[in-house]
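Peer 1: Here's the letter readout for the chains.
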Amino acid sequence: MSQKAQNNKAWWLVMPVVILVAFNAVIPLMTVVNYSVQETFGDNVFFYEGLKWFGQVLHSERFHEALGRQFLFTGIVLLIEIPLGVAIALAMPRKGIGVSICLVLMSLPLLIPWNVVGAMWNIFALPDIGLLGKTLNAMGFDYNYTRQPFSAWATVVAMDVWHWTSLVVLLAYAGLTAIPEDYFQAARIDGASAWSVFRYIQLPKMKRVLTIAILLRFMDSFMIYTEPFVLTGGGPGNTTTFLSIDLVKMALGQFDLGPAAAMSIIYFLIILLVSWLFYTFTMRNEN
Amino acid sequence: MTLQLKNVSLVRDTETHIYPTSLDLVDGQFNTLLGTTLAGKTTLMRIMAGLERPTQGQVWFDGEDITRVPVQKRNVAMVYQQFINYPNFTVYDNIASPMKLLGKDKKTIDDAIHRVADLLKLTPMLHRMPNELSGGQQQRTALARALVKEARLVLLDEPLANLDYKLREELRDELPKLFRHSGAMVVYATTEPSEALLLGGYSAALFEGKVLQFGPTVDVYSKPDSAESARVFSDPPINLAKVNKAHGQFSLSAGAGWAANGEAHALPDGEYTVGFRPHHLTLTPHGDTSVKVSAEVLLTEISGSESTVHAVVDGHTWISLSHGVHSLDKGQTIDLFIDTRKCLMFDDKDRLVLS
Numbered sequence: 001m002s003q004k005a006q007n008n009k010a011w012w013l014v015m016p017v018v019i020l021v022a023f024n025a026v027i028p029l030m031t032v033v034n035y036s037v038q039e040t041f042g043d044n045v046f047f048y049e050g051l052k053w054f055g056q057v058l059h060s061e062r063f064h065e066a067l068g069r070q071f072l073f074t075g076i077v078l079l080i081e082i083p084l085g086v087a088i089a090l091a092m093p094r095k096g097i098g099v100s101i102c103l104v105l106m107s108l109p110l111l112i113p114w115n116v117v118g119a120m121w122n123i124f125a126l127p128d129i130g131l132l133g134k135t136l137n138a139m140g141f142d143y144n145y146t147r148q149p150f151s152a153w154a155t156v157v158a159m160d161v162w163h164w165t166s167l168v169v170l171l172a173y174a175g176l177t178a179i180p181e182d183y184f185q186a187a188r189i190d191g192a193s194a195w196s197v198f199r200y201i202q203l204p205k206m207k208r209v210l211t212i213a214i215l216l217r218f219m220d221s222f223m224i225y226t227e228p229f230v231l232t233g234g235g236p237g238n239t240t241t242f243l244s245i246d247l248v249k250m251a252l253g254q255f256d257l258g259p260a261a262a263m264s265i266i267y268f269l270i271i272l273l274v275s276w277l278f279y280t281f282t283m284r285n286e287n
Numbered sequence: 001m002t003l004q005l006k007n008v009s010l011v012r013d014t015e016t017h018i019y020p021t022s023l024d025l026v027d028g029q030f031n032t033l034l035g036t037t038l039a040g041k042t043t044l045m046r047i048m049a050g051l052e053r054p055t056q057g058q059v060w061f062d063g064e065d066i067t068r069v070p071v072q073k074r075n076v077a078m079v080y081q082q083f084i085n086y087p088n089f090t091v092y093d094n095i096a097s098p099m100k101l102l103g104k105d106k107k108t109i110d111d112a113i114h115r116v117a118d119l120l121k122l123t124p125m126l127h128r129m130p131n132e133l134s135g136g137q138q139q140r141t142a143l144a145r146a147l148v149k150e151a152r153l154v155l156l157d158e159p160l161a162n163l164d165y166k167l168r169e170e171l172r173d174e175l176p177k178l179f180r181h182s183g184a185m186v187v188y189a190t191t192e193p194s195e196a197l198l199l200g201g202y203s204a205a206l207f208e209g210k211v212l213q214f215g216p217t218v219d220v221y222s223k224p225d226s227a228e229s230a231r232v233f234s235d236p237p238i239n240l241a242k243v244n245k246a247h248g249q250f251s252l253s254a255g256a257g258w259a260a261n262g263e264a265h266a267l268p269d270g271e272y273t274v275g276f277r278p279h280h281l282t283l284t285p286h287g288d289t290s291v292k293v294s295a296e297v298l299l300t301e302i303s304g305s306e307s308t309v310h311a312v313v314d315g316h317t318w319i320s321l322s323h324g325v326h327s328l329d330k331g332q333t334i335d336l337f338i339d340t341r342k343c344l345m346f347d348d349k350d351r352l353v354l355s
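One line per chain: the protein sequences are A and B, in this order. By the numbering used here, the letter at position 161 of the first sequence is numbered 161, and the numbering carries on one by one without gaps. By the numbering used here, the letter at position 23 of the second sequence is numbered 23, and the numbering carries on one by one without gaps.
It is worth saying that the hints were derived from the structure and are not from the lab. Quick caveat, the model's predicted, so the values are computed rather than measured. Hints should not be assumed to be uniformly reliable.
Unchecked claim - When the alpha-carbon atoms are kept at most 30 Å apart in a straight line, the in silico DSBU-like pairs for lysine-lysine are as follows: (1) A:Lys205 / B:Lys210; (2) B:Lys245 / B:Lys223; (3) B:Lys349 / A:Lys95; (4) B:Lys73 / A:Lys205; (5) A:Lys205 / B:Lys104; (6) B:Lys121 / A:Lys205; (7) A:Lys207 / B:Lys100; (8) B:Lys349 / B:Lys242; (9) B:Lys106 / A:Lys95; (10) A:Lys205 / B:Lys100; (11) B:Lys223 / B:Lys292.
In isolation and in its complexed conformation, chain A is listed as follows:
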C-alpha cells in the first residue's frame, strides 16, 4: 500500500458549488421539511406534529382531485405537444433562409413571460371582446371559459400547447439535423418508404432528445402555475385548480403552513419518482 499525502486544498475548489447548492436547494428544502412536521399558530410558536400532515394530505379528497386534474392535464399536453412538435420539426426546412425564419418564429412563444402568456390568452379568449372567444361564439359554439369547465380546460390546454410545443420542435429539430445525410441516402437506395425512414431511422435517432423533451415537458406541465392562475384563477369552481394552484391557496390563502409544506414534499417526490421511472425505463437499453 502506498501512502498518499493528504491534501485538503481540493475542498476549496468544491466550496463555491457547495455553498451555491446549499443556499438555493438544500436550505429552502430543509425549511419546508421543518414546516411539514410542525404546527404553528403564528408568533413563531411551533409544535411538533410528526407525520400528521402527510397523512392528512394523502387522505384528503381535495388533494386527490387536484392530483387527478394534474395528471390529466399533463397527459393531454404531452400527447398533443410531443407528436405535434415532432411533426412540425419534420416539416421544417433543412437548409436555406427558411431555417432561420422558422427557428425565430418557433422561439417567440418561449421568450414571452409566463404571466404575459396567461394575460394574452385571457383577453384573446374573452367571450364578449376577445378575438378567439367572440369568433367561437359567432360561429355558434357556446364558449365561455369563465363559466364552463370544458371551455376552461380547452383554453388552458390550447394555451400550453401554443406556449410549449416550440420547445419540443426545437429539440426534435436539433435531433433530426444531427442525423447524417447519408442515412437518408442509404434508405433511398434500399427503397425504404417515408414511414420506414421515420420509424427506423429518424425516431430511433431522436430517442435521446425526445426523452429529454418528454421529461422537460412532464416536469414543467406538472408544475404549471402562472398561466392558468392568470387565465382562470383555477376556476370555474375548482375545475382548473392544478396542484401548484391548490398548494398556493393552501399556503398563502389559508395560511396552513404545515399541510402545505407536507403537500409540497409529496408533490416534489411524485415528480422525482415519475421522472426517474420514465428515464430508467426508456434508457435501460442504451449502453
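Place chain B on chain A using the hints.
Peer 2: What follows is chain B alone, placed relative to chain A:
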C-alpha cells in the same frame, strides 16, 4: 456488364460540380475514383447510383439508358465513410433489411446472412446492436448489407476512411476478394493514391469535377497524361519544374542540366515541365543519371525508415523522400539529386510527352 457515363455533367445553380465526363467502367475489377475532397468523387457516385440526375448526358447500364430510372429500381448498393446501419436493428436484421425489402423468403435470407456473416467475421455479433460494435464491425455490417443485396452496382464511398490504420489495411485486403465473386460492378472512391494502387484494377484521376484520366491503375500512375493527373496520383505531391531543352540538353532554371538521350532527343527544342516524384529526388545520387541541385531545407519529417525533406530550390518548394534517418536543420544548404531516368516530361499544353 457495362456502366457507361456518356458526356455527363452536373451544374447546380451556377456552380459546375461535374464537367462533361465520359467513362466506361470495367466489369469484374475495382474501378477507383481517386481525387482530393471536393474533386467530385461522391457526386459522380451519386449520379451512377441515380440519386442525382445529371444536368446533361446519359448513364447507360448494359446497353440500356438508365439516366431517368430512379435509384430504387436500379439495384445498387452503397457503403459510406460513415458507418450507416439501422440503429435499432440487430446486426442480423440490418443485414436482412435489403433482402426483406426485395421480398425474399425467410430461408433464403437466413442462409445468405450466415454465409456473408461468416465471410465478414460477423457471426458472433449477429444479435448485437450496431452501437455495441467497434467501428470496423459496424462497417463490416454495412458491407454485409451491400453484399447480400446482390446489387449490380456497388458503390464504396471512402469506406475505410473512418477506420484506424490496422483495420483499414485488413479490410482493404479483403475487399477485392469479397466482391470478386459477387458479379457486381464495383466503384471505389478514395483520396489516397496508395490505396488505389493496392486495390489495383482501374482508376480515374479526378480533379475539380473533371476526370483527368482513366485506365489501369498502374498505367495512370506511371504514365499520367497530364501534370494535373500526376499531381492527383502522388502523395506526397509530385515536384514540377520548368525545364528548357536546347542543343540536346535539358536545363533547369536552378542551374542543373542533363543530356536528352534516347526518346528525349527527338523532342523539339523549347519549354517543358518536368515532373519527378519525391522518391526520385533524394539526398544521395542514384548512379550517373542523377543531377545535382542546391537546396535550402525548410522542414524535415522523419517517419521511421524514411525522411521527407521540404526544401526550396530556386524559389520553389520541392519535396524529397529518402531512405534512412536524416536530421537536417532548417536553413541548411544541401544537395539534392534528381533521378533523370524517372522524370516525366510535359509539353507547354500540359500533355505527357515522355515518361
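Peer 1: Give a verdict on every hint.
Peer 2: Quick rundown of the hints versus the structure:
Taken as a hint, the lysine 205 of chain A and lysine 210 of chain B pair is broken in the structure, with Cα atoms around 37 Å apart against an allowance of 30 Å. For the hint pairing lysine 245 of chain B with lysine 223 of chain B, the CA-to-CA distance comes to about 21 Å; that is within 30 Å, so the pair holds. Proposed proximity of lysine 349 of chain B and lysine 95 of chain A is contradicted: the alpha carbons are some 42 Å apart, above 30 Å. A hinted pair counts as satisfied when its Cα atoms are at most 30 Å apart, and lysine 73 of chain B with lysine 205 of chain A qualifies at roughly 27 Å.
Between lysine 205 of chain A and lysine 104 of chain B the CA atoms are separated by roughly 28 Å; this keeps the pair inside 30 Å, and the hint holds. Taking the CA atoms of lysine 121 of chain B and lysine 205 of chain A, the gap is near 27 Å; set against the 30 Å cutoff, the hint holds. At most 30 Å may separate the alpha-carbon atoms for a hinted pair to count; lysine 207 of chain A and lysine 100 of chain B meet this at roughly 25 Å. A threshold of 30 Å between alpha carbons decides the hint, and for lysine 349 of chain B with lysine 242 of chain B the separation of about 13 Å falls inside it, so the pair holds.
Straight-line distance between C-alpha atoms of lysine 106 of chain B and lysine 95 of chain A comes to about 41 Å, which puts the hinted pair past the 30 Å bound. For the given pair, lysine 205 of chain A sits about 22 Å from lysine 100 of chain B by alpha-carbon distance, which is consistent with the 30 Å threshold. For the proposed pair lysine 223 of chain B and lysine 292 of chain B, the alpha carbon gap of about 25 Å is at most 30 Å, so the pair holds.
Of the numbered hints stated above, those contradicted by the structure are hints 1, 3, 9, listed in ascending order.
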